[in-house]
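Generate the whole structure from the sequences, applying the supplied hints.
Just so you know, the protein sequences line up as chains C and E, in that order. Numbered as in numbering that gives the first Met the number 0, the first sequence ends at 339 without a single skipped number. Numbered as in numbering that gives the first Met the number 0, the second sequence ends at 402 without a single skipped number.
Bear in mind the hints are in silico, worked out from the structure with no lab data behind them. Treat the numbers as computed from the prediction; the structure is a model and nothing was measured. A couple of the hints might just be wrong.
Here chain C is said to cover these stretches of chain E; the calculated rule only asks that three of the stretch's residues, wherever they fall, bring their Cβ under 8 Å from a Cβ of chain C [said to hold, decoys possible]:
(1) 20-30
(2) 180-187
(3) 309-318
Simulated pairs of lysine to aspartate or glutamate, EDC-like, Cα-Cα distance not exceeding 20 Å [as the list claims (entries may be wrong)]:
(4) 162(E) / 164(C)
(5) 389(E) / 205(E)
(6) 87(E) / 179(C)
(7) 162(E) / 158(C)
(8) 206(E) / 364(E)
(9) 87(C) / 205(E)
We put the CB at the ideal spot given by N, CA and C, even for glycine.
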Amino acid sequence: MLTYLSLHLNKWRKRPFVILLLAFPLLCTFLLYPFFENTAGETAVPIAVVDEDQSDDSRTVTDRVEDSGRVRLVSQATRAEAETDVQKGAVEAAFIIEKGFQASIRQGEVNEVITWIRNENSALDVFAKEAFGAELMRLALNAKAAVIVEQETETSFEEVFQYSDQFWEPEPLFQVSVTERSPQQPEREEPQLQSWQVTVLQLFFLYAWLLAIFFLYEVTKDENSGRLARIKLIQKTTASYFFAHFVIFAFIGLISYILPLNGLFFLSETPQDLMAAWNIHGIIVAALTFIVTWCLFMAFGKKRWAVYILMLIAVSSFIFTITQTGFTDLWPHQWLLINQ
Amino acid sequence: MNIRSLWNYEMRATVRRPAPLFLSIGIPLLFILLIVLSLQAMITEQDQTIQAAVVDEDDTFQTKALINQLSEEERLKQALNLIPMDEKEAREAFQEGRLAGIMTIPRGFTESLMVGENDPIQVMTNREKPLPSAMLQVLLESGSKYISASQSAVNTVYDLHIKTMPDEQRGNNLQQVIVTFTLFALDRNEAFQEERVISGAGIGWEKHGLIAAVFTFVVLFIAFYQAFDGPSMKGAVQMRWQMVDVTFIHQVMIKQLKWWLFALVLLEGSFVLIHQVGEPISWSVSFHLGLVLTALLLSSFAGLLYGLQIPSGLRFLIFTMIGLIGLFSAGAYVPGIYLPEWMAHEWNPFQWSYEVFKAALTNEENRSLFTLAVWGIGLHVFALVAGFRKEKRDAYISIFTSK
Numbered sequence: 000m001l002t003y004l005s006l007h008l009n010k011w012r013k014r015p016f017v018i019l020l021l022a023f024p025l026l027c028t029f030l031l032y033p034f035f036e037n038t039a040g041e042t043a044v045p046i047a048v049v050d051e052d053q054s055d056d057s058r059t060v061t062d063r064v065e066d067s068g069r070v071r072l073v074s075q076a077t078r079a080e081a082e083t084d085v086q087k088g089a090v091e092a093a094f095i096i097e098k099g100f101q102a103s104i105r106q107g108e109v110n111e112v113i114t115w116i117r118n119e120n121s122a123l124d125v126f127a128k129e130a131f132g133a134e135l136m137r138l139a140l141n142a143k144a145a146v147i148v149e150q151e152t153e154t155s156f157e158e159v160f161q162y163s164d165q166f167w168e169p170e171p172l173f174q175v176s177v178t179e180r181s182p183q184q185p186e187r188e189e190p191q192l193q194s195w196q197v198t199v200l201q202l203f204f205l206y207a208w209l210l211a212i213f214f215l216y217e218v219t220k221d222e223n224s225g226r227l228a229r230i231k232l233i234q235k236t237t238a239s240y241f242f243a244h245f246v247i248f249a250f251i252g253l254i255s256y257i258l259p260l261n262g263l264f265f266l267s268e269t270p271q272d273l274m275a276a277w278n279i280h281g282i283i284v285a286a287l288t289f290i291v292t293w294c295l296f297m298a299f300g301k302k303r304w305a306v307y308i309l310m311l312i313a314v315s316s317f318i319f320t321i322t323q324t325g326f327t328d329l330w331p332h333q334w335l336l337i338n339q
Numbered sequence: 000m001n002i003r004s005l006w007n008y009e010m011r012a013t014v015r016r017p018a019p020l021f022l023s024i025g026i027p028l029l030f031i032l033l034i035v036l037s038l039q040a041m042i043t044e045q046d047q048t049i050q051a052a053v054v055d056e057d058d059t060f061q062t063k064a065l066i067n068q069l070s071e072e073e074r075l076k077q078a079l080n081l082i083p084m085d086e087k088e089a090r091e092a093f094q095e096g097r098l099a100g101i102m103t104i105p106r107g108f109t110e111s112l113m114v115g116e117n118d119p120i121q122v123m124t125n126r127e128k129p130l131p132s133a134m135l136q137v138l139l140e141s142g143s144k145y146i147s148a149s150q151s152a153v154n155t156v157y158d159l160h161i162k163t164m165p166d167e168q169r170g171n172n173l174q175q176v177i178v179t180f181t182l183f184a185l186d187r188n189e190a191f192q193e194e195r196v197i198s199g200a201g202i203g204w205e206k207h208g209l210i211a212a213v214f215t216f217v218v219l220f221i222a223f224y225q226a227f228d229g230p231s232m233k234g235a236v237q238m239r240w241q242m243v244d245v246t247f248i249h250q251v252m253i254k255q256l257k258w259w260l261f262a263l264v265l266l267e268g269s270f271v272l273i274h275q276v277g278e279p280i281s282w283s284v285s286f287h288l289g290l291v292l293t294a295l296l297l298s299s300f301a302g303l304l305y306g307l308q309i310p311s312g313l314r315f316l317i318f319t320m321i322g323l324i325g326l327f328s329a330g331a332y333v334p335g336i337y338l339p340e341w342m343a344h345e346w347n348p349f350q351w352s353y354e355v356f357k358a359a360l361t362n363e364e365n366r367s368l369f370t371l372a373v374w375g376i377g378l379h380v381f382a383l384v385a386g387f388r389k390e391k392r393d394a395y396i397s398i399f400t401s402k
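Shown next as structure tokens:
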């Protein structure tokens, strides 16, 4: 048995890049994770702001919008500069805080206090508009309450304004608590991976599967070179040869899936129980897939074209699963997602 | 003369064994087609109104006003159908998969809101409807700030004024304040005066999508084709070529020339197709030159990996990985203006290729040629140096002797 294992492994001694192929997804995970993590954290909609009012309230609104995230404010001195930026496509839209902004807000009036400049291609600027709207309504409604209370009582405008504003600390009054459940079991709460993690692990699985399929080609080579015939002549059987081949085939597939999978879990600080569940489930699905793949290759007569057919099946499995284009239950990539 | 023979040999091989070429065109096309189809399905799904149930366990004037505030808000109204149900009905509809989520207002919610506590509203979203669920979450979060603003004002007027009123006036006044502030918060669109300017250089999502598809197609084509087409010559065939002074460096040159030619044809063909389907392209010499240089950039990069004698599988992985990261950082997928500033580099050749395509679609001046030329020629030279090193290793300095 060991003889046949070393027979297959010896082929790699002259090709050290095979080790690199095994570790390639793991290497990519460690190199690219920080890149994509930083990019995802810093991706934002660029918005130009012109503060024509230069008041405390206008500064408060812009500061709060900037802190709300997903919006990157670019201060411009004049309306013309902001318009040019929108035309050039350097920013998604521009917001001009009109002169008299604070005076209007303090009277509880909000009519056309901000000019919103956009072009026909602007789409994501509605999020910035919502952020500006929410912040100015916070101030305007504080002021509106202050105007009413000041008229009816002896409490000063500023005191009422501050009283109203304290309802926003430490959290706004209206809170939404979201939980995600499956329609089949709405009572059960299960931790789950994020959708980008699932896509990445499907890529890992595709890679591992393709790499294992490439190794099937070695049997075709041995057959064509007469090595298999010689083994059969001397040993009377090729069972040990094929068994050793299957062991290495499965090892290549499993190791090139499990290594990057755990690398990803480590970097994204995935909870232990989720890691264990995905590892066990992944190993079972991968083992089943590799057994079927190997059996299909043998059933196809160990031909070279069988390798191409199997590669096509693997790529189809990935594409049809991520695009959810139909027959999804047929594909091993879908079997991986039973817990999702 | 001999190098022309090698070119003829390569082209004959391409014609006689066209499978690598067709597979290299077919696989990326299929991949892009499926991505486009699934994106289209997502957009269609997004266009449908999201169905969600609201279960009001508190059932007070304030909670009714709150539901009214959510369901009457202009943006929410277009995207979200908030259906009042009791708990049993909502659960049944959720289990049947008819709802993207259930919003439950817990008993005692109004009381907690009036004393300034933050009893959250419970929202259960449907795991099997990820996009509508995410939309529901975004819409509710967007509405929640306006509700917080009006409720803060209601609490203030109640605490500092209405509370001191006689009992019989208190209820009416509170309701009046709630209605006034709720309507005021709903009118927030009045705060914005919208102006539209003509987009000069702005590219728009449709054109951006077209560029992303073409660019990804060509990068994936080269990635596949250089892997399928590029195994080094072995044994007797290589020896025969060496006999006529054609060695590895010539192979690098010819392979690269062939890949460049096919990449250029595909680029030109893609833009002719885009033009035919109704997106006007500004055909100019500098645009064609930009395509020539983009094809040169990609083929030279593939040629360099070939010259370094990296096995074809590994070459495919390296090319695909660097190509897709290059496209991403060039803003081919997420437009560059949204990406962090540290990602925008003047030296990124993919960014300059993107500029070539963008200039053609927006009728702008193309300023990317010099940088692209430097990259293309630079990588080409490196590929030749890599090929030459192999010749030296073989102790065969054909470059000085070949005719």
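Results for each hint:
no. : hint            : result
1   : 20-30           : holds (count 3)
2   : 180-187         : holds (count 5)
3   : 309-318         : holds (count 5)
4   : 162(E) / 164(C) : 19 Å, holds
5   : 389(E) / 205(E) : 47 Å, violated
6   : 87(E) / 179(C)  : 18 Å, holds
7   : 162(E) / 158(C) : 17 Å, holds
8   : 206(E) / 364(E) : 17 Å, holds
9   : 87(C) / 205(E)  : 17 Å, holds
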